[in-house]
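These protein sequence lines map, in sequence, to chains R and A.
Once you know that position 235 of the first sequence is 235 in the numbering used here, the rest is easy, because the numbers rise by one and skip nothing.
Once you know that position 236 of the second sequence is 1236 in the numbering used here, the rest is easy, because the numbers rise by one and skip nothing.
Think of the hints as simulated: they come from the structure by calculation, not from any bench.
Note that the Cβ used here is the ideal one computed from N, Cα and C, for glycine as well.
Fair warning: there could be bad hints in the mix.
Some but not every residue of chain A turned toward chain R, in silico, with C-beta under 7 Å [what the hints assert, rightly or not]:
(1) Glu1085
(2) Pro1086
(3) Gly1090
(4) Pro1153
(5) Val1172
(6) Gln1272
(7) Val1273
(8) Arg1295
(9) Tyr1297
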Amino acid sequence: MIKISQFFQSIQNFLKPKIPRFLALILSTLAILHFIILPAFTQQPVTVRVLMQALEANQWQPLEEKFEEENPDINLEIIEGPNDTNLVEDLYTSAFLLGDSPYDLVYMDIVWVPKFAAAGWLEDLSDRVSPAELDKFLEGDVNGSMYEGGLYRMPFRSDGGMLYYRTDLLEAGGYDPPETFSELMQISQELKEQDIADWGYVWQGKQYEGLAAMFVEILKGHGAFWVNPDTLEVGLDSPEAIDAVKFLKSTINEGISPPGVTTYAEEETRRIFQNDDVVFLRNWPYVFALAQESEISGQFAIKPMVHEPGEPSGACQGGWGLGISKSSQHPDEAWRVAKFISSRETQKQYILKTGYVPSRKSLFNDPEVVEKYSHYPQLLEVVENAALRPPIAQYAQASDILQRYLSAALTGTMTPEEAMNTAAQETRNLFAS
Amino acid sequence: MEDGGDGEDGGEQTTTNKQQPANKNQQPTNQQPKMQKDAIRQREQRTGWILITPALLVLALVFAYPIVRAFVLSLFTQNLGTELEPVFSGFTNYVRLFGDGRFWQTFGQTAIFTISSILLELVIGMVFALVLNETFRGRGLARTASLIPWALPTAVMGLAWAWIFNDQYGVVNDLLSRVGFIEDPITWLGDPVRAMIALIFADVWKTTPFIAILLLAGLQSIPQDLYEAHKIDGANPVQSFWSITLPLLTPQMLIALLFRFAQAFGIFDLIQVMTGGGPAGRTEMISNYIYATVRRYLDFGYGAALVVVTFLILIAAVAITAFLLSKTRINVTGER
């Protein structure tokens, strides 16, 4: 008897997993019939392609599904690229150079816009959007999407540099958050002397794009400018710009910043901020969520960058958005995607899920958003002080010139005056050639 | 009637009758088998040409075409200023290149990097090879382990090295301060000279195994009896090394050096990840500059000129070294 019951048991076990598998098979057949074969018979959906970093492509999955549900005649195809954004830029560049780009939409970082637009790869979107609609976006995001009067990108998510500070350390010393450069220096120095802090201020000083991004904020805070995009005037050798370099250099010389800041990118500075007792950090919004999970959780806050008395605060404008490729066969369908993606509802859904920064002003104070991210109203204050990296076609060259000479000044191979004079001269030569 | 093939044959055969080598129709009956042989040879040659044609085509497409194309492109101006349309501009790009400080600076830095790293690698690789050539317990394991750095992707290791040389958390500073060599942390990547040293160090770590393996293969082909005979003559191991190992290993050393020279001169990923060319552009290498010019500045004409000039200088360097080395080798063999 036991043997027989065992036998039945084993038969049952054998059948058990089969039933759900069978069901799944039926369901998937039905799904294929419904979603692929039937639509194929009734109408051919138009395929719109876009390339982006694999990481973000995954986060776009729900948006893609929702869009296709609402627009059955368009098949939005998101192609996963490398996670390094430089490589994505390379892939787009190659696709455009070879002509007949396979991508209808271009998911663009703000600094690519002038170059891609100058190369004639992008469609002008000015006629498709009303000025009233554009007003709802952050000013920096819109300005960064323009090139010579045309609009080449619909802003999707924004980004901006800001000052993080440790609330517990400031309280321990009895200080308010600083407003000016000299206050920042003073607080750092005194907290270091009292052994409350290991370091005063960490920032990105490595020779790379982040150095230029950090420096536009310091420039703006000193009332100086890099390049005027309209007149191509270069302001790097003005006394204010040289003061900006001297400020950065003094943070190292006076021991407020570790000497290694001249080799740090974002991640190195974030780790030091999280692991040591560092009073101030200049970084992007992504740090907030990560620091919240670290040891300093709940002991830090953000504010707009410090500045000279009487000068505005600067937040280097970053951010991503969609442009339409000039070689696209379906510009109208692509526009529908861009419109859907930049819409308030889509942005809200995306931000609640990922924690990125929206490009629409009204979302920063949206009750649902604030409930999840209580610092967003403050973040709006930060990103409203947008400082643009000059939107000019030769931005990459100009940025490299600045990076080389600024790095030379910070590491002491040149004096600030020498470095900025040479950088200004080389930038002027670049525009003259 | 007279064709070259027969004349050759006559010349080979008639060593005594050099004055009239090409008089081949003198003895037609005798020449018959030779003519046949000749025809066969011709046919074989033809087959040979047919067989190597695909390889030649591939070579032409892969090597000759890009070089010729780069040269043609370097005579044009094609950048954002011309809306990416090629406009003929003669040698303007070359004139600009000779006045381009950044080019010569990166070129010099590349030369320093290449020469120091391959010389260090040769010496250390030789030590490795000699050790791995001895019999000892766990030799197989040691041989495999020594290859690991070579097998790891450079970009990943570049990131790791950037952390190793980090001033606050880096292993290097930690070790140095524990031993007591330093008190304050050193910012390795924040100073031009130290950053270059760090890069060379990382490159030597990564590619020494490659040279070691090449030299090891060479060592194993040297017959043992040479050493025994030398020993009987009263030579010590050091003398054997200088008079047997080194001369017989010269071909392998040359191959290893050539490979590494070409590779190190084109170094890109390690620099891109570890220093980004900084500080102050003082660790930027020629490939990083060319990459920036073409891919980021979209300045194709000038980028092509950079490629052509670098290519020519490299070829010249290799040719000169090969020539000098071949001369010294002749001297070495000639003396013996």
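Results for each hint:
no., hint, verdict
1, Glu1085, "10 Å, violated"
2, Pro1086, "12 Å, violated"
3, Gly1090, "16 Å, violated"
4, Pro1153, "14 Å, violated"
5, Val1172, "12 Å, violated"
6, Gln1272, "9 Å, violated"
7, Val1273, "10 Å, violated"
8, Arg1295, "6 Å, holds"
9, Tyr1297, "5 Å, holds"
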